[in-house]
Amino acid sequence: MPKPKAPRRKHRRKITPSIAETMSLCLTIDDIPSLTTSERMYFQHFLQFTTTQLSLSSGSTNFWLRYALPIGYQFESIRYSMIAVGASHRLFMAKSLGHSDQDGLKSFATHQYNKAIATIVPSMTASQDLHIIMICCLLFISFEGLTGRYDELLQHLSAGISLFRSELPSSTEEERVMTTKLAEMFCRLGVESSNFMERDPSVSGMEKWYRSGKTQDLQSPKPFSKFDEASSALRQLDVFFDEKPWHYEGSDDPNKAILVEEATKKLQYALDQWTTRLDALYELRKEEIAIEGEQQYRNLRLRQKYWQMSIDSYSSGKATTRPETFAPFLAAAKEAAAPIMALKQPTFSLDGDLISGLAFVASTAEDDETKVQALDLLWRLNRREGLLDSRDIVEMHELARALETCTGEVEFDEAWKPTAAAGIPTIIQRLRKSLGRLSIE
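Count along the sequence shown from 1, then add 51; that gives the number in the numbering used here.
Treat the hints loosely; a few may be bogus.
Cut-off 25 Å, straight-line C-alpha distance, at most; resulting in silico cross-link-like pairs (DSS-like, lysine-lysine) [to be verified]:
| id | residue 1 | residue 2 |
| --- | --- | --- |
| 1 | LYS369 | LYS307 |
| 2 | LYS273 | LYS317 |
| 3 | LYS369 | LYS337 |
| 4 | LYS317 | LYS337 |
| 5 | LYS307 | LYS259 |
| 6 | LYS422 | LYS295 |
| 7 | LYS422 | LYS369 |
| 8 | LYS395 | LYS385 |
For the record, the hints were derived by calculation from the structure and aren't laboratory data.
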């Protein structure tokens with residue numbers, strides 16, 4: 052879309068529980084006697100609060116509850132990673148709630164993170180541990196995202212994506228499902244972070260895995276059987292369609308218009324097929340959806356509107372000047388944002404397209420009122436998805452607007468090296484430096 056430790060064991064049990072084993076799981080945190088009081092507390096925080104933010108899926112299909120947690124009871128690397136993320140999530144919330152011991156909490160979270168890294172190193176060369184390593188990698192990404200260390204986040208992301216070049220566990224249906232869910236999460240994070248990485252990850256390990264034939268048929272006329280299937284299929288559009296309308300932006304190809312039209316038709320057809328299949332699923336299960344799964348369904352609709360908005364924005368030279376190009380997505384974004392803003396606290400997720408979609412509106416729409424709507428919602432959201440922080444995006448746009456109104460000539464020092472975290476914080480620091488130089492002059 053536009054824009055590491057488990058000790059070796061001589062006889063290892065199969066780490067992925069069956070569906071029946073998972074659903075009947077009765078272990079509790081009290082069944083892990085090795086944990087300290089603080090470790091239990093933040094493991095519990097991860098279980099009760101963090102899991103429901105990391106994923107927008109309902110409890111029965113939530114990756115962290117359904118797959119990662121049962122394995123976390125068995126392996127130290129995942130367990131310590133979850134404790135570190137639980138503590139860093141509490142710290143992330145505490146910054147707005149005035150927690151009295153933020154330094155102590157930060158030190159505890161970092162200590163748990165280092166313990167997780169120390170316990171996963173022995174598993175790094177064991178192919179049967181790839182799922183454990185990938186889950187830890189996602190947890191490390193979460194930790195770095197929550198603490199704002201985006202340079203380290205990108206390193207973990209690149210390492211995780213590279214694992215998809217390996218032969219992943221696939222001997223059971225459960226292992227195949229887990230791999231598919233992991234692929235979707237890494238694909239989303241890779242696409243969202245690609246502007247800040249040296250090489251677009253969608254054309255490396257992720258593309259190799261998606262094109263290996265282990266994915267579903269995007270042209271199937273059958274209704275989706277569940278939301279997870281629909282979510283995975285929609286994510287595949289990022290990989291399977293090499294030519295997208297926005298890829299030709301700035302191109303001087305004499306056949307640019309024809310190429311854009313052809314790319315638009317193919318992508319629109321695939322999106323229409325996907326929408327028809329989701330609509331059919333909704334009609335079959337609307338009563339169940341109203342009880343469980345409303346949030347996931349709402350997010351799928353939001354993603355569909357995001358894709359459509361992206362396509363429409365490149366449909367003509369004047370599309371970005373029309374508010375109606377962005378109105379359907381903005382309406383869906385306001386609906387999806389309402390329950391998040393009702394929490395009245397900062398939220399963090401590895402899932403969702405709210406921030407990237409609203410950032411697209413803010414940077415693409417030429418209508419001032421439309422742009423203001425997107426920026427206002429971003430500020431009120433107070434949310435971070437991966438390395439995209441909603442309030443960072445607002446600040447970036449405000450600084451860029453201030454530069455536009457300056458009468459002096461803006462010069463960027465190419466030799467200057469930023470000290471801020473990778474991603475938008477680096478852009479903000481560069482903009483501030485330029486504004487400061489202008490004010491001095």
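Here's how the hints hold up against the structure:
1. For the suggested pair LYS369 and LYS307, the alpha carbons sit about 17 Å apart, so the restraint of at most 25 Å is met.
2. Under the criterion of a C-alpha separation no larger than 25 Å, the hint pairing LYS273 with LYS317 is consistent with the structure, at around 19 Å.
3. A C-alpha spacing of about 38 Å is found between LYS369 and LYS337, which places the hinted pair above 25 Å, so the restraint is violated.
4. A threshold of 25 Å between alpha carbons decides the hint, and for LYS317 with LYS337 the separation of about 30 Å lies outside it, so the pair is violated.
5. With a C-alpha separation of about 28 Å, the suggested pairing of LYS307 with LYS259 is violated against the 25 Å cut-off.
6. Of the pairs offered as hints, the one joining LYS422 and LYS295 holds, with about 24 Å between alpha carbons and a cut-off of 25 Å not exceeded.
7. A threshold of 25 Å between alpha carbons decides the hint, and for LYS422 with LYS369 the separation of about 16 Å falls inside it, so the pair holds.
8. At most 25 Å may separate the alpha-carbon atoms for a hinted pair to count; LYS395 and LYS385 meet this at roughly 15 Å.
Checked against the numbered hints listed earlier, the structure breaks hints 3, 4, 5; every other hint is satisfied.
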